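Participant: Each chain is listed here by its residues.
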Amino acid sequence: MSTDVNMASASQPVTFRTQTAYPLPSQKFMIPTTWRRYQLSQLINKALGLDKTKPVPFDFLVRGELLTTTLSEWCKENGVGEEETLEIEYIESVMPPQKMSDFPHEDWVSTVSCQIPGYFMTASYDGQVRAFDYSKNLVLGYAAHSAPVTSLCIVPSSSNGDGTFTIATASQDLTAQISEVTFASGLEASSSSSKTLATLHLHTQTISSVSSNSTGSHLLTSSWDGLIGLWDTTIPTSDEVPEPALNERDREGKKKRRKLQRDAEDEHGGRQAKRKAPLMVLKSHTGRVSKAIWGQEDENKAYSCGFDSTVRLWDTEHGVCEHTINASEKPFLDMTTTSNGQSILAVSTDRTMSLYDIRSSPSKSNPLTSAASAIFMHPTGATPSCVSACESNAHQVVTGAYDGIVRVWDLRSTKGAMATFKAFEGEKAGKKVLSVSWKRGIVGIAGEGGLSVWKVGEEKEDAGKTTTTA
Amino acid sequence: MASRVAGRKSTKRKQFEDDVDVAEDLHHNGNLEMLSDEEEDGNISSDDGEVDTFPGIVNESDTDPDDSDFSDQEEDEVDEDEDEEDDEEDESGEEDGSDDGEESDDSLHVFPKAKTIVSNITNQPKIVYPEIEPEYDSDSSTEEDPNRVGYIPMHWYDDMPHIGYDIDGKKILRPATGDELDKFLATVDDSSAWTSAFDKNAQTDKPLTSEELDLIRRLYAGENPDANYDPYEPMTEWFTGKGKEEIMPLSGALQPKRRWVPSKWEKQKVMKIVRAIRQGRIVPSKPKSTKKFEPYAIWSEPSSSHPPPLPAPKPALPTNAESYNPPEEYLPTEEERKAWEALDPEDRERDYLPQKYSSLRLVPAYDRFVKERFFRQLDLYLAPRVQRVKLNIDPNSLIPKLPSPSSLKPFPNYRSLQFRHSQSRARCISVSPDGAWVISGDENGVVSLWEIIVGREVKRWTFKGKIGSLAWCPRTDVCYFAVGVEDTIHFIIPPNVDPAVLTLTQSVLAPTTLPPAPATPSPVKWTTPPSNTWSQDTPILTIDLPASTGIPSHFCWHRRGDYLASVSTGGAQGGVWIHQVTRRHSQAPFKKIKGAVQLVLFHPLKPHFFVATQQYVRIYNLAEQKLIKTLLPGIKWISSMDVHPSGDHLIVGGYDRKLCWFDLELSEKPYKVLRYHTRAIRSLQFHPSYPLFASSSDDGSIQIFHSRVYNDLMTDPLIVPLKILRGHQISEGLGVLQVRWCSKQPWLVSSGADGSVAVWCS
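Chains as they are written, first to last, in the UniProt record's numbering: chain A, 1 to 470; chain B, 1 to 762.
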């Protein structure tokens with residue numbers, strides 16, 4: 001124990017707890033109230049003897065609020081008396097985010113994916129899908145859709161060889177596509193190729209999202225028409241959906257266009273994409289569905305959120321809505337699951353990010369509650385448009401907003417973001433952030449200003465899981 | 001008196017004995033009895049000096065010394081003034097003393113007294129009056145003054161050579177007066193100069209007499225100025241003393257009869273009163289209050305008619321904060337201290353600041369003692385001791401009880417995103433029926449289609465001329481919108497529509513078999529380009545209004561999406577047209593319109609049609625072709641109007657900042673008139689599903705209202721102001737030109753004169 005605590009000044013009784021790999025024995029400390037984060041961090045490092053080997057910076061949460069001032073100031077603000085024992089949780093500090101590079105685009109970028117190691121894939125409002133490698137080279141660029149592409153996901157596939165990936169894109173032209181892209185190594189972008197394997201026909205309005213499960217066997221598409229399509233990724237040998245019947249008058253013009261389109265498709269894929277029908281249609285939403293994702297642990301679980309202020313939990317095996325979380329007046333724009341798959345984070349236009357606990361066992365008598373377990377408020381003017389969870393830490397999440405600011409949140413600190421940074425340089429008003437993707441410590445931010453890549457430190461949580469359960 | 005009379009008689013007898021003729025003397029002087037008595041008394045007294053024998057004439061004895069004095073004085077006078085008189089007096093030397101005595105009496109009597117002497121010639125007594133001497137104080141004393149001007153201010157003659165007139169009317173010349181040197185010499189020469197004074201009448205100096213000098217001396221010495229005055233006169237005893245007692249009554253006459261006979265007149269008077277009493281004319285006075293005054297305790301019982309007086313207000317008890325060593329929480333922080341000091345003393349909640357001293361010993365003298373006593377005295381002095389019925393109205397209670405805006409969520413409260421039109425006013429907007437797309441038109445003729453939630457422009461059309469109005473067809477099975485530009489209305493299908501919807505839309509707008517043309521040729525032409533030239537950039541259907549009707553500034557779709565009403569303004573012959581899409585036919589519902597039509601609206605449920613002219617709103621029944629009602633908003637110039645989705649309420653906004661809420665079931669007058677914008681109202685809209693309405697104004701603000709309408713007819717609509725949205729810039733006096741709601745969400749889209757279109761989210 002550290003004995004050099006200066007007892008002369010006013011002190012506050014404090015107990016520490018943590019979910020990190022560096023637990024302190026539960027004991028009451030008398031901490032001088034003039035201490036800040038730095039001194040507390042030093043104290044813990046000294047107490048654990050970490051300072052000799054490799055000091056670990058810590059951040060401190062007091063009653064769900066990040067400690068940024070001295071203890072006395074915090075106590076005064078929150079009206080905590082001298083003799084009350086404070087419970088302080090400490091977490092490993094997040095290093096301030098650092099900008100790595102910019103990828104300018106001609107048009108707004110609707111989606112970014114950092115899932116393929118070494119590459120960033122973007123989908124843009126000009127209908128193009130692009131791929132960049134880490135050295136900022138445009139590896140691939142092709143016109144996937146005639147209308148703006150709204151969503152893109154990587155379909156993990158074992159069959160693909162090196163440098164070849166299967167991707168799925170969704171567009172405002174009411175279709176989604178499964179394509180195969182091949183990245184050429186080196187700088188020869190021309191040798192990269194893309195091939196549309198299948199087009200997915202179900203929706204009558206803009207498709208808002210497409211997502212793949214972890215094995216790459218199935219896809220989910222969500223659309224503004226309130227439907228969620230469930231698809232497999234096998235490519236049929238023939239069209240499952242017939243060509244739309246044209247009335248006589250349209251036929252001439254349409255034929256011409258179709259021919260052109262077909263030619264273009266031939267150029268890309270070599271053969272015509274198969275028209276594919278869904279396996280199942282999940283119908284329950286009463287408004288626009290903004291996002292549909294797969295559950296992490298159970299392959300038959302899917303989650304969706306929409307403008308009807310609901311988050312729905314689906315059983316994809318039977319195609320039924322298992323549960324509905326009704327939030328009042330929260331049109332959801334995006335959602336994600338945390339890395340441990342136990343909760344859902346959904347952002348809505350009332351500038352909140354809501355955390356819903358979805359853990360449930362089949363024999364549970366108490367159903368899921370509709371109440372959000374935590375609500376994270378964004379400042380005014382910042383409509384959160386996208387959210388992405390850290391894949392290694394269940395407590396960290398990043399959101400992008402229309403005011404052009406990306407916020408890093410710790411789910412234990414509801415009062416404010418841990419770190420904020422402006423994604424795109426330039427105007428004062430800020431360019432909208434439309435998509436974020438956080439993988440391997442790198443956050444890809446897509447939006448009005450193109451693509452921007454930042455490095456955001458992740459807190460390791462390998463050992464922390466044991467303490468959580470303990 | 002008897003004794004005196006007797007006394008006199010005795011003295012008379014004596015005198016008569018002395019005199020020769022006593023009896024005659026008595027007879028002659030019967031009427032002069034008293035005088036002669038006195039005379040004789042005086043003589044006798046002066047002769048004998050015996051006072052005791054004649055007590056009745058005591059004054060004689062007193063006058064004796066005076067007489068001598070007086071005579072002395074008189075002798076002086078005589079010496080000085082007249083020698084002749086001296087001689088006379090010398091002749092009648094004996095008489096002198098009697099004269100003197102008479103003179104002393106003269107001071108009392110006005111007239112001189114006569115003397116009775118025996119004539120030397122006839123030996124008969126005769127009355128001789130003393131000679132009249134012109135004296136100092138006699139009337140004729142002034143006769144010697146030669147100046148007869150009378151008693152006038154002598155300075156009237158100052159400028160004249162004369163100083164008046166004598167008795168003969170001749171001028172009396174001013175005596176020569178010397179200069180100052182002469183005067184001085186005169187004082188040196190004349191020993192009496194210093195005892196002379198200026199005589200105005202004579203205009204010369206006259207020496208003062210010895211009496212005057214004596215008078216001056218007496219005045220100067222503070223003595224009585226009258227030389228004759230004796231302050232030590234002996235007392236005169238008139239009725240007391242020996243021999244002056246009155247023993248007998250004055251008269252021995254019998255009492256007259258009237259003294260003992262009752263008075264006849266008195267009896268008459270009494271009888272009169274008795275008669276009056278009998279007749280009741282005089283009421284005997286009531287006996288005065290027989291009740292005796294009974295003492296009572298005035299403090300023991302309060303009087304019942306008044307409420308008891310209020311006790312004096314008690315001084316406030318000290319609180320913890322006033323302690324010399326208050327707990328920490330009572331001590332003011334630095335901000336509180338500053339705030340306290342910044343306030344005026346009257347506004348302070350308490351007139352001290354809590355201070356902490358570690359011990360009572362350190363507490364300084366109480367500096368506000370006198371002040372506090374003073375205020376306590378004021379308190380006691382001014383505190384009313386009667387109970388006043390005070391009208392205590394909490395100002396908050398006068399504010400209507402409105403629910404708090406936070407309980408009326410959701411409503412738009414922040415700007416989620418902004419879409420910009422370059423360099424021109426975003427004049428009109430329209431939100432698609434599914435609430436996903438927005439079209440906005442500006443004055444350069446650009447119409448943009450963009451997503452409501454991302455704000456990314458997806459498609460752009462450019463027309464010639466200003467975009468006057470935009471309206472999305474409310475049908476959900478088809479998808480197109482109308483654009484009003486100069487004299488024409490274009491119908492456009494947006495891109496990325498479901499093929500089935502697209503086919504239906506095309507068949508609606510451009511059917512393969514055109515409906516039969518109406519019997520009467522219409523001036524409005526409907527044209528569709530040939531199908532092989534169709535593209536997403538060109539309209540699929542165009543309505544050409546008659547030339548110079550102006551820009552269609554207002555569109556209103558019927559809820560079924562078949563009829564579109566358009567109002568054109570600004571043209572030479574503005575007008576209202578109703579276009580029926582399925583029949584490809586336009587008709588003007590009014591042959592002749594009174595006033596310029598501003599807006600038209602379809603009733604959401606009934607076949608009613610609202611027409612707003614400049615000042616009135618008229619409601620027509622289209623089925624029966626007649627006027628139902630005329631609403632009088634009292635607005636000078638109507639700018640906007642919207643009907644509630646229930647169809648029972650109408651809001652009308654004007655350029656004169658007023659907003660009128662009409663309950664169509666009720667009167668033609670507005671149920672409520674609101675005036676909250678500082679500039680003209682530009683646009684109004686009810687939310688189709690939420691109980692909200694919004695108004696935009698040239699002041700650059702948008703105001704959101706909660707407007708709950710109840711189904712029962714008894715409850716009035718509830719209107720609660722919720723939020724003022726600011727963010728649009730005012731450019732050239734124009735603010736927010738149009739507001740439109742997103743149909744499924746409580747979101748608002750607004751277009752401003754600054755070229756921006758904003759989406760406001762809840």
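The set of hints was computed from the structure by calculation and includes no laboratory data.
In this text the structure is predicted, and so the values were computed from the model without any measurement.
Careful, some of the hints might be misleading.
If you anchor each label on the Cβ, the simulated ranges turn out as follows [to be verified]: (1) B:G465 - A:T420: 44 to 54 Å; (2) B:F369 - A:T420: 25 to 35 Å; (3) A:E84 - B:P717: 17 to 27 Å; (4) B:P474 - A:H318: 29 to 39 Å; (5) A:K99 - B:E335: 48 to 58 Å.
Stretch-level coverage of chain A by chain B, calculated; a stretch enters the list once three of its residues show a Cβ under 8 Å from a Cβ in chain B [stated by the list, open to error]: (6) 120 to 133; (7) 297 to 304; (8) 328 to 334.
We put the beta carbon where it would ideally sit given N, CA and C, even for glycine.
Participant: Indicate, hint by hint, whether the structure satisfies it.
Facilitator: For each hint, the structure was consulted:
In this structure the supplied range 44 to 54 Å holds for G465 of chain B paired with T420 of chain A, their Cβ-Cβ distance being about 46 Å. For the hinted restraint 25 to 35 Å between F369 of chain B and T420 of chain A, the CB-CB distance of approximately 58 Å leaves it violated. Distance hint check for E84 of chain A and P717 of chain B: the Cβ-Cβ separation is about 51 Å, which falls outside the suggested range of 17 to 27 Å. The hinted window of 29 to 39 Å between P474 of chain B and H318 of chain A holds, with their beta carbons roughly 37 Å apart.
The hint said 48 to 58 Å for the Cβ distance between K99 of chain A and E335 of chain B, and at roughly 40 Å that hint is violated. A count of 1 residues in the region 120 to 133 of chain A with a Cβ less than 8 Å from any Cβ of chain B is obtained; the coverage claim is therefore unmet, three being the minimum. Residues of the region 297 to 304 of chain A lying with their CB closer than 8 Å to a CB of chain B number 0, which falls below the three-residue condition for coverage. Coverage of the region 328 to 334 of chain A by chain B holds in this model, with 3 residues showing a Cβ closer than 8 Å to a Cβ of that chain against a need of three.
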